[in-house]
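Assemble chain Z onto chain E, guided by the hints.
Residue numbers (the numbering used here), protein chains in the order written: chain E, 1 to 313; chain Z, 1001 to 1431.
Note that these hints are calculated values from the structure, not bench results.
Here a beta-carbon is modelled for each residue, glycine too, at the ideal position from N, C-alpha and C.
Treat the hints with care, as some may be off.
[As the list claims (entries may be wrong)] Taking lysine to any residue pairs in the SDA-like style, the calculated list, with each CA pair at most 25 Å apart, reads:
no., chain 1, residue 1, chain 2, residue 2
1, Z, Lys1428, E, Leu55
2, Z, Lys1421, Z, Arg1095
3, Z, Lys1421, E, Pro163
4, Z, Lys1177, E, Thr159
5, Z, Lys1410, E, Gly171
6, Z, Lys1115, Z, Asp1125
7, Z, Lys1268, E, Gly272
8, Z, Lys1406, E, Trp87
9, Z, Lys1146, E, Ile148
10, Z, Lys1405, E, Ala161
11, Z, Lys1406, E, Thr76
12, Z, Lys1421, E, Gly272
13, Z, Lys1410, E, Trp142
14, Z, Lys1044, Z, Ala1324
15, Z, Lys1177, E, Ala165
16, Z, Lys1190, Z, Lys1115
17, Z, Lys1428, E, Asn254
18, Z, Lys1190, E, Gly285
19, Z, Lys1325, Z, Gln1058
20, Z, Lys1428, E, Leu71
21, Z, Lys1428, E, Asn70
22, Z, Lys1428, E, Gly160
23, Z, Lys1158, Z, Thr1183
24, Z, Lys1247, E, Phe273
25, Z, Lys1115, Z, Glu1364
26, Z, Lys1405, E, Phe79
27, Z, Lys1150, Z, Glu1165
28, Z, Lys1410, E, Thr169
29, Z, Lys1286, Z, Lys1405
30, Z, Lys1405, E, Ile148
31, Z, Lys1410, E, Thr76
32, Z, Lys1406, E, Asn254
33, Z, Lys1428, E, Leu50
34, Z, Lys1405, E, Ala165
35, Z, Lys1406, E, Phe121
[Unchecked claim] Stretch by stretch, here's where chain E covers chain Z in the computed footprint (C-beta under 8 Å, at least three residues):
no., region
36, 1067-1080
37, 1211-1217
38, 1297-1307
39, 1386-1400
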Amino acid sequence: MTTTQAPATHAPTGTRRRGSLEPYLYLLPHAALFFMFTVYPIGYGLYISLHRWDLLNNTQTFVGTEFFRNLFTSGTPQFEFFWRTLWNTTFFTLVSVPLLVAAALGLAALLHRPIFGRTFFRAVFFMPGILTVSVMGILWRWMFDNQIGLVNAARDLMTGAPPIAWLSTEGLAWVPIVVGTVWWTVGFNMTLYLAAMSNIPHSLYEAAALDGATGGQQFRFITWPMLTPITLFVVITTALASFQLFGQSLVITNGGPTRSTQSVIQYITEEGFTNSQISSAAAMGFVFGLMMLVLTAAQFRLMARDVQSTEEK
Amino acid sequence: MNRLARSLSLALLLAGTATAQKVSLTYLHGFTGPDRPVMEALIKKFNDTHPNIEVRGQAQPWGTTWQQLPALVASGRAPDVVVINEDQITGFIARGALTPLTAPEMKTAGLDKNKFFGPLFKTADYKGQSYGVPISSVAYVMFYNKDLMKKVGLDPTKPPRTRAEFLRAAQLCTVDKSGKNATQAGFDPKNLDTWGVSLYNNWVGSRAAYAAILQNGGALTDRNQNAAFNSPQAISAVQFLVDLVQKYGVARPNATEEAELAAFSQGKVCMFPSGQWYLDRFESQKMNFGVTFMPRIGGSVRDAAWGGSSHLTLPRQPASYSAAKRRAALEFMAWMAQPEQNLAWTATGSLPTQAAVAGNPRFETAAISGIFDRLNNVYATSGFPWVGQVMGPFDAAWEAAYLGKKPVAKALNDGVAEANKQIEQARKNFR
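Isolated chain E, as found in the complex (with noise of 0.2 Å):
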């Protein structure tokens, strides 16, 4: 009786009272900390970049669009380095991303199956995601030294080549950057990968077993479709976060030699920061942030197709 009346009396009403304020009120928080902290100063930042901004000037002099016509402009350093670094950090994230993304699969896989010491395991590839970038950085500096490193040293004992150059020899010197890189942060994706092979249903690996499919076959038709979204998930966080490249190759290379490791935020501080032209470092960041929004728009937009196919087989 009571379970018939109370909903009979008591929902229509209250839900439309509360249907008005209520729902707002709950987002309040939150749509503040938002207007504050992300709406706010990223207007504040357009207002910079369209002015010659120095606090310390009485009047911020309107400029328009002069900061960004820098950058498609050649002839300016804004054209050439920021361009320049630009690709630096692309390349940087080419290689990159493969590289975490194939070696955190690989490292679940082995991982996810009952081996010895298989905790262990797990912790010692997680543990270098705690340390700071800073310590991550003069780690692998010193091992890559082009003098007293680990590595030349490990190479001289082996083969007794001579020492190669890395940190100073273009190109090579990205070699402790995305060794480094990997080491530091595949541990990460590694346990997303752990945690979506656990959700796979055994049934399925049971049932392919009977049919006498291989262990190849079994993870290339159950468990890599299986870990399509979560393949997803960890491509594009992955690519932006290499996209954000800054405090390695700061700390490893310092963006050398001649600049050929110097990431794109790494420019943008240099030119905020060292070269005090703030709307200029301003402009930079838009035309940056922008690319990263229509990059992971489109990355989104082709797998999440893959996503959709695969839940459809």
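The following block gives chain Z in isolation, referenced to the frame of chain E:
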């Protein structure tokens, strides 16, 4: 309860009477490391001996101060006294963030520029006016290994002073694995056992090039404050450094600061030019080393080495700012710069700022006193508002020249071209 109430009211009363005459100053500085307790002890000492002034020190990282100071000045809430370093100070002066210290003010406060090492006070000068009082100083020096020098037949009590002496010492020190030195026939520069001098590619390494350029009569900027480190004097000075690697083989190519530091610590290098801040490290290793001023490797025009310094400054304040505060701030600055305080400050590893301190008996047996005869020749990268725009390309030019990626003249010309493009844009900020 009763006692608490009584002491509380007493405290309030005291505070009330005190604020009636007491001037309270806020003092912002970036000494956040092991130098922080030394600075705080000095502040306490000042407060204890100056009943009418209360200085409240606040330590925060330098970078934070550089970012906040413009906003604080613009909003009229700047601290009363701020410490600013040599690479930032001219930028803040040119943007109007600081106020000049007038001659009468300096006189009243008892500040005599002539007592300080000359270039040090000039670091904070701009367009004929002084803006800062130097209280801390570091410099590029040359460490040398006495044992190694003796071994190759050099007199360790007479470190080189001229280019010829320097080159000879470096050549004698550079010995290959078969025992032949760089002056002998059959010397194999590919298999070095010990070598003459440490050069390397980062910003610390590029300060050797800076010293060499000044020694040869060159400069970083011209009188219009445009970059000018590609003058014939500069090219010739830097060429000599690069020749040490490429022609004479007495310095290693592709070296990093860490590798050279380790090599010097292990007794493989005779001469290690670097920041005086490594003193502690070599002292704690019980090495038999000496410290001397940078020899005149770039040329014979003058002695010169790079130095950094920290200056007490008075930021721009709103029109309503009290004159008593400014007087008190000047008194504090003058007191802090006095020999007694400066001597206490040298415990942090800073160099003396004035001859009166350098002559203190405490330094008689100290290794660092090896550079004291030429402290008047330490030059900061200062005097132009765009230090970042000049030093970035300069460091890059040194890197390219040292690593052999570009010929010296091209490296320096490219650096100057880049710096001047950046300066042209930065100029629009100053009107």
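Results for each hint:
Taking the CA atoms of Z:Lys1428 and E:Leu55, the gap is about 14 Å. The hint holds against a cut of 25 Å. Between Z:Lys1421 and Z:Arg1095 the CA atoms are separated by roughly 20 Å; this keeps the pair inside 25 Å, and the hint holds. With a C-alpha separation of about 38 Å, the suggested pairing of Z:Lys1421 with E:Pro163 is violated against the 25 Å cut-off. Between the alpha carbons of Z:Lys1177 and E:Thr159 the distance comes to roughly 20 Å, so the proposed pair stays at or under 25 Å and holds.
For the suggested pair Z:Lys1410 and E:Gly171, the alpha carbons sit about 22 Å apart, so the restraint of at most 25 Å is met. A C-alpha spacing of about 16 Å is found between Z:Lys1115 and Z:Asp1125, which places the hinted pair at or below 25 Å, so the restraint holds. The straight-line distance between the Cα atoms of Z:Lys1268 and E:Gly272 is roughly 41 Å, outside the 25 Å bound, and the hint therefore fails. Between Z:Lys1406 and E:Trp87, the direct Cα distance comes to roughly 22 Å. Compliance with the 25 Å bound is thereby established for this hinted pair.
Under the criterion of a C-alpha separation no larger than 25 Å, the hint pairing Z:Lys1146 with E:Ile148 is consistent with the structure, at around 24 Å. Pair hint Z:Lys1405 plus E:Ala161 holds up; C-alpha atoms about 23 Å apart against a cutoff of 25 Å. Taking the CA atoms of Z:Lys1406 and E:Thr76, the gap is about 22 Å. The hint holds against a cut of 25 Å. About 16 Å separates the Cα atoms of Z:Lys1421 and E:Gly272, which keeps this hinted pair within 25 Å; it holds.
As the CA atoms of Z:Lys1410 and E:Trp142 are separated by approximately 31 Å, the hinted pair breaks the 25 Å bound. A distance of roughly 21 Å separates the Cα atoms of Z:Lys1044 and Z:Ala1324; the hinted pair therefore holds under the 25 Å criterion. Straight-line distance between C-alpha atoms of Z:Lys1177 and E:Ala165 comes to about 21 Å, which keeps the hinted pair within the 25 Å bound. For the hint pairing Z:Lys1190 with Z:Lys1115, the CA-to-CA distance comes to about 50 Å; that exceeds 25 Å, so the pair is violated.
For the suggested pair Z:Lys1428 and E:Asn254, the alpha carbons sit about 29 Å apart, so the restraint of at most 25 Å is broken. Restraint check: the Cα-Cα separation between Z:Lys1190 and E:Gly285 comes to about 47 Å, which exceeds 25 Å; the hinted pair is violated. About 17 Å separates the Cα atoms of Z:Lys1325 and Z:Gln1058, which keeps this hinted pair within 25 Å; it holds. Only pairs whose Cα atoms come within 25 Å are accepted, and Z:Lys1428 paired with E:Leu71 is accepted, the gap being roughly 17 Å.
Between the alpha carbons of Z:Lys1428 and E:Asn70 the distance comes to roughly 14 Å, so the proposed pair stays at or under 25 Å and holds. Distance check on the hinted pair: Z:Lys1428 and E:Gly160 sit about 57 Å apart at the alpha-carbon level, beyond 25 Å; violated. Between Z:Lys1158 and Z:Thr1183 the CA atoms are separated by roughly 21 Å; this keeps the pair inside 25 Å, and the hint holds. As the CA atoms of Z:Lys1247 and E:Phe273 are separated by approximately 39 Å, the hinted pair breaks the 25 Å bound.
As the CA atoms of Z:Lys1115 and Z:Glu1364 are separated by approximately 20 Å, the hinted pair is consistent with the 25 Å bound. Our distance criterion of 25 Å between C-alpha atoms is met by Z:Lys1405 and E:Phe79, whose separation comes to about 23 Å. Distance restraint check for Z:Lys1150 and Z:Glu1165: the Cα-Cα separation of roughly 15 Å lies within the 25 Å cut-off, and the hinted pair is therefore satisfied. Our distance criterion of 25 Å between C-alpha atoms is met by Z:Lys1410 and E:Thr169, whose separation comes to about 19 Å.
Between Z:Lys1286 and Z:Lys1405, the direct Cα distance comes to roughly 38 Å. Violation of the 25 Å bound is thereby established for this hinted pair. For the hint linking Z:Lys1405 to E:Ile148, the alpha-carbon distance of about 22 Å falls within 25 Å, and the restraint holds. Under the criterion of a C-alpha separation no larger than 25 Å, the hint pairing Z:Lys1410 with E:Thr76 is consistent with the structure, at around 19 Å. At roughly 19 Å between alpha-carbon atoms, Z:Lys1406 and E:Asn254 fall within 25 Å of each other, so this suggested pair holds.
Among the hinted pairs, Z:Lys1428 with E:Leu50 is consistent with the structure: their alpha-carbon atoms are about 14 Å apart, no more than 25 Å. Between Z:Lys1405 and E:Ala165 the alpha-carbon distance is near 13 Å, which keeps this suggested pair within the 25 Å criterion. As the CA atoms of Z:Lys1406 and E:Phe121 are separated by approximately 47 Å, the hinted pair breaks the 25 Å bound. Using a Cβ-Cβ cut-off of 8 Å, 5 residues of the region 1067-1080 of chain Z lie near chain E, which meets the minimum of three, so the contact claim holds.
Check result for the region 1211-1217 of chain Z against chain E: violated, 0 residues qualifying (beta carbon to beta carbon below 8 Å, three or more required). Counting residues of the region 1297-1307 of chain Z whose beta-carbon sits less than 8 Å from any beta-carbon of chain E gives 0, not enough to reach three: the coverage restraint is violated. Here's how the region 1386-1400 of chain Z fares: 7 of its residues keep a CB closer than 8 Å to some CB of chain E, so the rule of at least three is met and the hint holds.
Comparing the model with each numbered hint stated earlier shows that hints 3, 7, 13, 16, 17, 18, 22, 24, 29, 35, 37, 38 do not hold.
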